[in-house]
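Colleague: One letter stands for each residue in the lines below.
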Amino acid sequence: MSDRQAGAGQATLVIDGAEVAFEPGESLFEVSARVGKRLPSLCYDERLEAFGACRLCVVEVEGIRNPVASCTTLAADGMVVTTSSAEVEAWRKTLVEMVASENREVEVDPLRGHASQELSRLVARYDAVPGRFAGEPSGKSREDDGNPFLLRDYDLCISCYRCVRVCAEQQGDHAIGIANRGFETRITTEFDGELRDSACVFCGQCVQTCPTGALADRKAMRGVDVPGEIEKTRTICPYCGVGCSVDLMTKGDKLVGVQPAMDGPANKGALCVKGQFAFDFVQHEDRLAHPMVRNDDGELVRASWDEALDRAAKGFRGVVERHGRHAVYGVASGRAPHEAAYLMQKWIRTGFGTNFIDNCSRA
Amino acid sequence: MSNPLSDMELPNVMFCIGTNMTECHPVAATRLKKAKAKGAKLIVADPRRIRLAEHADLYLPLRVGSDVALLLAMAHVIVREGLVDGEFVATRTRDYEAFRDHVAEFTPEWASAICQVPAKDIALAARWFGEAAPGAIYYTLGITEHISGVDNVQSLSNLALMTGNLGKVGGGINPMRGQNNIQGAGDCGAIPSGFPGFQACDDPANVAKFSKAYGREIDCEKGITKVTALDLAGDKIHAMLIDGENTVVSDPDKGHCEKALRSLEHLVLIDIFETDTAKFADVVLPATAWAETDGVVTNTERRPQRLRAAVPAPGEARPDWWILAELAKRLEMPGFDYSGPDEIFNELCSLSPIYAGLDWDLVGTGAYQWPVPEKGHPGTPRLHETEFPNGRGIFKKILYRDPAEVVDDEYPIWLTTGRRLQTYHTNTQTGRSEGIDYFVPHEVLEVHPEDLTAWGLADGQLAFLESRRGGIEIRVEAHPRSPRGTVFSSFSFAATPINDLTGSGYDPVTQTAELKVCPVKIRPVAENEPVPSS
Amino acid sequence: MSRLDDNDLLERFRKLPAPLLPLLHAFHERDGLVSEEALEALSEGLHIPRAELYGTLTFYHHLSRIPGGQAAPRVCTGPICRYKGGPEILEALRKDGATPMPCAGRCDEPVPVLFGNEVRVGSSVPELLSRPSPLPVPNPGAVEECVFAEIREPDRASLVGYERTGGYEALRRCTAGLRPSELIDLVAESGLAGRGGAGFPTARKWSAVAEATGGPKTIVANADEGEPGCFKDRVLMDHDPHALIEGMCLAAHATGASRGFIYLRYEYPETLAILEKALDEARAAGHLGDRIHGSGFSFEIHLRRGAGAYICGEETSLLNSLEGKHPFPRNRPPFPVTHGYEGTPTAVNNVETLCSVAPIVRKGVEWYQSLGLAENAGTKLISLSGDIQRPGNYEVPLGLPLQTLLADWAGGPPEGRRIQAVTMAGLSGGFLAGADLDVDLDEPGIRSKGSFLGAGGIMVFDDSRDMVQVAHGAMEFFAEESCGKCFPCRIGTRRLAERLAQSHGPRDLATWQQEARELSVVMRATSACGLGQAAPLVVESLMKYFPEELEQSLVSGWSGGNDER
Ligand SMILES: Cc1cc2nc3c(=O)[nH]c(=O)nc-3n(C[C@H](O)[C@H](O)[C@H](O)COP(=O)(O)O)c2cc1C
Ligand code: SF4
Ligand code: SF4
Ligand code: FES
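Taken in sequence, the protein lines are chains F, L and W.
Note that my numbering has the first sequence beginning at 2, numbered continuously upward.
Note that my numbering has the second sequence beginning at -3, numbered continuously upward.
Note that my numbering has the third sequence beginning at -6, numbered continuously upward.
Excised from the complex, chain F in its bound form (with noise of 0.2 Å):
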C-alpha cells in the first residue's frame, strides 16, 4: 500500500487534514481505506458495486449539506473531507444498536462463512448494545429449504443483499431477489420457493459474502462442535483446470471446510459447488491407507511398503526382462501435482530409456 504522493497536476483531497493523490474513478472509501483508514461498513464487498444500503461509511465533505456515503462518492480534486468526527463516530454506534437490534443474535460462528464475523466485529467496536432499540426481529428463517449446503437462517438477516448482488454481479446466475420492501424486505428465489426448484447454482458466493452468518455454509457448520481452533491453509481448488484458490479450514486433523480466496488470481473470491461443497471426500472411510498387493487366490490384500514396494519393482523387472524395456509404460495423473506427473515421467525415462509416458488427458 503505497501512500502515493501529491505529484504535480495529480488530483488530490485532503482527508482528516492529509492531502492524498487519488486516481480517476476511486471512491472516498478506496481512498481511505488506502492512507489506512477502513471505515465501517456492512454492505460493502470491494468486488461489487457500492450500494450504499449500510451508512455506516459516511463522511462529511465540506461544502455538502449532509454526510455523504464514501463508497458511492467518487473522490474529486480539492475535497475536503473528515472520516471520523466525534457526531459520525456517535452515529455509527446508533447504526450498529440499530443493526443488531434486528436480529436473533450477534455473534456466530465463523465457520458459517467468510464474512460472517463482520457485524459481531463492528458491535465490539464500537462498544454498541444490541438489545438498545429492541423491537420485532426482521428477515424469518427458511427451515422449510432442505437442501445440503446452503443454511438460509434469515433470522440473521439485515438486509445489505450482498447475498443478492454477488449472485448478480460476480455469480451471473440471479438466482434469488429481493422481495416486499422495508422492515418486512426477504431474500426469496423466484416464487420464494426452495433453491433446488431455482436458477441457484449452489456455488456458496452468497454466504461467503453474508456479514452476518444468515446465509451459512451447511457442511462447514456440522464441524461447529470439533475442538479446536479453526486454522486456514491456503491451497488450489482439486477440481477443474481454473485452479480457483482456496482456503482450507481445519480443527486439528480434521478437515471442516473450505472459503474461497477472496485474492486468488484466478478465482477472485469465486467457487463453484464443487470446489465449495465437495470437500469430505478427503477424509472419507473409504480411503487407501494402506497398500495392498494381489495374493495367490486373486485377492488384494494389505501389505506392508517394503512388500507392496518390493512385489511392484519385481513385477517390472520381470516383465523388462522377458519382454524388453518397450513392455513397460506410465501413466502420470491429471489430478496429481507437478512432483508425481515429472517423476513419474522421469520414472519411465530414466528406469526404461524410453518415452512411453501419458498422462489422461486423453479420457
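Calculated directly from the structure, the hints in this document are not laboratory data.
Nothing here was measured: the structure is a model prediction, and the numbers come from that model.
Think of the CB as a built atom: it goes at the ideal place given N, C-alpha and C, for glycine as much as any other residue.
DSSO-like cross-link-like pairs, simulated, lysine-lysine; straight-line CA separation at most 30 Å:
no.	chain 1	residue 1	chain 2	residue 2
1	F	K269	F	K255
2	L	K325	L	K232
3	F	K315	L	K275
4	F	K269	W	K318
5	L	K37	F	K269
6	L	K116	W	K8
Label pairs and their computed distance ranges (CB to CB):
no.	chain 1	residue 1	chain 2	residue 2	range
7	W	H40	F	E63	40 to 50 Å
8	F	G299	L	V165	52 to 62 Å
9	L	E83	F	K255	56 to 66 Å
10	F	E108	W	S441	44 to 54 Å
11	L	E339	F	R133	51 to 61 Å
12	L	D355	F	N67	50 to 60 Å
13	L	A454	F	E322	52 to 62 Å
14	W	R325	F	E63	12 to 22 Å
15	L	V165	F	E322	55 to 65 Å
16	F	R105	W	R325	26 to 36 Å
Here's a subset of chain L near chain F, in silico, CB distances under 10 Å, partners left out:
no.	residue
17	P188
18	K218
19	K222
20	K232
21	I238
22	V293
23	A306
24	E312
25	D316
26	I319
27	E343
28	L417
29	Q418
30	R428
31	E430
32	Y434
Chains L and W with the ligands: place on chain F using the hints.
Modeller: Positioned in the frame of chain F, the structure of chains L and W with the ligands alone reads:
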C-alpha cells in the same frame, strides 16, 4: 489458454464452441457473464441447449461432430464479406492465399446441410466474429473428443488468425482444461512427445540433455499414446504404472479397456481409493490426497500455483512423489533421492525453459504465468503477442469428415457424453462428498420430451441403450436441453458405465477418443425384465 | 375483446420504451392477478431474471398474486380516511377480499375505495359512488391564480376548450421561433421552483439537461402524487390535462428532449383515461409527435401507470421503476439531469411545476412574479384536508398567512372545535401547532419552524384527535413505504413506529425521548433519500408540541385504535 482468465471479461464477441462452461468450468463462466453484462455478444455452438446457450445472443445448435463444416463456412463468410484482418495476415501468418481459395467453396448453405444450423445464423456468427474487436474463442472437450479433434482445433486457429485475434488483450484461442493439473502433467513432460517444458523428445539435442540429466540413454523418438498402449496391451505392452486414474470408468469402450488391463502381466496403481480399475491391479499403493499434499499445479491459463497440506493422510498413505521415488530406488534408478517436493519442483524448473525463472518459493502466490524464461521475468499472461513459436501463424486447409460412426437405421440416435455441474469425472471424489447426491442421485439419460414419446418411453422410465460395442440400462429423463435425435449422459456413475458404448474412433494425431459422438439405439425396459449383459 | 395471449401482449409492448409496467398491468387485468406463468413469460420476453422480477413484483402494493385480486376492493385508511370511515368500510368489505391502501389522494372527499379501475368515494359502503374529482372552488381570496386561472372554464379538459382559453399558445411561440435558451431564461427569471417537494429551481434543472451530452433526452412528468394529503396534481390532470402536455412539450423544447413519460400513480385510473384521451387529441392536432406544428421539433409522450409505491415518487426510484428495475432510489451523483432514464439526460418535474410554465410564457415573467406576496414569486397549490370546514385544493399566493387559509378561505375547524395541529408537506414536514401556526406559507417561513412546505399537502387535526395516534399512523406509513434499501430508514421507521405504538421500547418519557432523538438524528443525517430524512420530523414535532400527550400515553399505555392501513 493463450490469454489469461481475467481477459474473459474483456472481449466484445465471445465464441464458445464445444464447451459446457457453466457446468464444467463454472468460475471461468462467471467472467463471460460479466463481459456479457457489460455488453459483449456471446455466440454459443453446441448440440445441446446448455445453460450457456440460454445466455447466448446467438445459439448455433449444430449436429454432433459437424464442427469443421460450421467453422469452414464461417471462414468463408469472413473472407467473402471482407472482414479479414489484412495487416495481421500479412505480417504474422503464412499460407493465407491457399486457405482463402480453399474456403471459397464452403458456403453457409453447404455447411447448413451438414451441421443443421440455418445458413443465415452461420453467416451472422461469422459477421459478428469477423467484426469483433477483440473476439475470443473458448472451447473444451466438445472440440477435441472427436476423430477430427485436431482438425477442429486447427479450424478455430484459422478463424483466430484471419481475424487477427491472437496475441491481443481479450482475444485468443482458449481451451479450458478439465482437471486441476492436466495442464501441469503436460508441462512436466508426462507426454509421449515431449520432455518437461514441451521439449520435443525426437530432437537429439533435447534427448542428449535429458539423457545426461537422468543418467540414462533415452530413445530419440516419440513414445506411444496411452490409447495405443492399451491397444497393444498383452501384445507389446505388458506392464503399466498408473497414477490416479480410474481408467475403466473414464476411458471409452469399457469392454476393450478391461480386456487390455486384464491382459497385462503387471499392473501397479497409485490412488486414493480402491477404484473399479483396482480389480485388475497386482499392487495398489495408497497416495495422499489433495489437502494432505504439498505440491504445485498449473491451471488452464498456465499459472503454476501451490497446493498445501492441511491435514494428515490416513494410515500409511504417502505422497505420490515418495512412492515413485521408492519404486525407482528399488529398481536401482539413479537420481531419486529427494528430501521433499520442493527439491523435485526446483529440478523441474532447472530443466524446463518455460519454468526457468521459477522456483518453489516464487510460485507461492501464483503470480506467474509461463513461460517464465529467466529469473526476474514477470511471466507471460498472453501468448503470441509478438510472434508465434514457429515465427508465423500457419493457415491449415481442413476438410470436413464424418464422425467414425454415423447414425443409420440400426443405430438411429446420436449419443453424446460429458460432465455435469455437481459431479466430477468418475465421481470418486464428488460421490464421496456428502450432499452431492441431493442433486444427482444417479445417472440419467437426457432425452428430448418429444423423442421420449416417439420412442415409446415414459419420463423416468428405465431403458436399454445400445451401441455397436455394448449396452447398458439407464433411466431416461425428459429434458429440453437435448435436441431431437440426440441424447446425453455423463460418465460419472460406475453403475451406469456409459463408456461401455463409446469408443467408435480416435483422432489420428492425438488419439483422443470420439467420446462426443456415438450412434445408439434405445428401447424401454420393463422394471423387472432381465437385462442382457454386455 | 377476445383474450390476448401472452405473446400478443408481449409483442404489443416489448418494443415500446419502459415496457414492464404496462405489461404487468396488462397481465394483471387480463387474469385478475399476476400469475407465475405470466411472470415466467415476462421474464423470458423482457430478459429480466425471474428472481429479480418476482422481487420487483412484490415491491408494488397493488399487483395481486391471488386470483381475483385485481378487482378486490382497496380501501383508503390514510391519515384522513382513518377518521372518516375508512376502517369501517374496510371491515364491511372484507368479505369481498378488501384490503387497506395508503392515502389514495381523495382526502377532500373521503373515503376512496378502488374497485378494479374505478374509484368510488363515500363515508360508508352504501354511499360509495364514482365521481369526478371536485373542481377547485373559485378563489376565496379573490387573488389572481396561475395554474387554476382557467381550470374552471367549461370544456377546459378538451382540446377545443383548452385551445379556446389560450391553450398551446405558449407551445406555438416555441415552434414559431422562441429559442430553447430564451425559454430557459424566461423560466429562470420567473423564479419558478419545483413543486414536487424539493423546490429545486426549474430553469437550472432544464439547462443542466440541455447542456448534458448524450441522448435521446427525456422529460418525466412526476404524477405519482404519493404523499398523503396531496391531491393537487390529480385535479390538474383531471380538469386540465392539456396543460400538463403543453408543459412537457415546453420542457422538451427547452432541453432538447425527444421523449417523455408521465408516471401516474396507480390509484388514479380515471385520470389515466383522461390523459390517454388528451394525448390522442394533442397528437391528432399536431401538438405532439413528429414535427410539431410543422417545425423541426418532435416529441412523444408515453403514459405509464405506477403500481403502488410511495417511494416511486422519488425521482430516481421512479426512473428505476420505469426501466423495469427494482425501484430502489439510486445513489447520487450522478444525477438524473446527466444520467436519468436509461442513462440519458432527464428532467423529472412535478405536474404542477410543468403546468406553471405555459402561463408564464403566455402572461409574462412580471405577471408571474407579481402573484406572490412580499418577496415571493408565484403561487403554490395547497391540498387542504381533515378537520376543516371546506377541504379542497387552493391556489395560494406564496407568503399567504396559514391562518388566513385555514380560517378565512376554508372556514376554520368544525363547529365547536379548535385546530390542534396541521401537517406540512403532506406527512413529510411533520406537525405545526400552537404559536407556530402563525406562519406565512412560503418555504423560508415554514423552514424557520423546522418544517417545510414541500408538495403543499396540509392535513388538519382538531382537538378531538389523539396526536400520538396520528403520529403513529404517519410513522407506520413511512415504515411500510420505506423501500428497504438503506439501514437507517428501514430500521429507524420501524423502531419509531413501534415506540409510538408502545409495542416495544422504554416507558419513561426521558429514555423514550432520548432514544427517539438518537434514532431521528441518525435517520436525518444518514438516510439515502428524502423519505428516511424526513420521516423523523413527525416524531420530533410530536415531542416538541405534545410532550404531555406523549407522556400521558406512555403512562396509560397505547390508546389503541385502528392502526392498520
Ligand atoms: C419519498 C419521496 C416521494 C416523492 N414523491 C413525489 C411525488 O409523488 N411527486 C413529485 O412530483 N415529486 C415527488 N418527490 C420529489 C421528486 O423526487 C422530485 O424532486 C420531483 O419530482 C422533482 O420535480 P420538481 O422539481 O418539479 O418538483 C418525492 C420525493 C421523495 C423523497
Ligand atoms: S442474507 Fe446475508 S448477505 Fe443476504 S441480505 Fe441478508 S445479511 Fe445480507
Ligand atoms: S431513505 Fe428509506 S426510502 Fe430512501 S433509500 Fe433509504 S430506505 Fe429507501
Ligand atoms: S385519500 Fe384517504 S387519507 Fe388521503
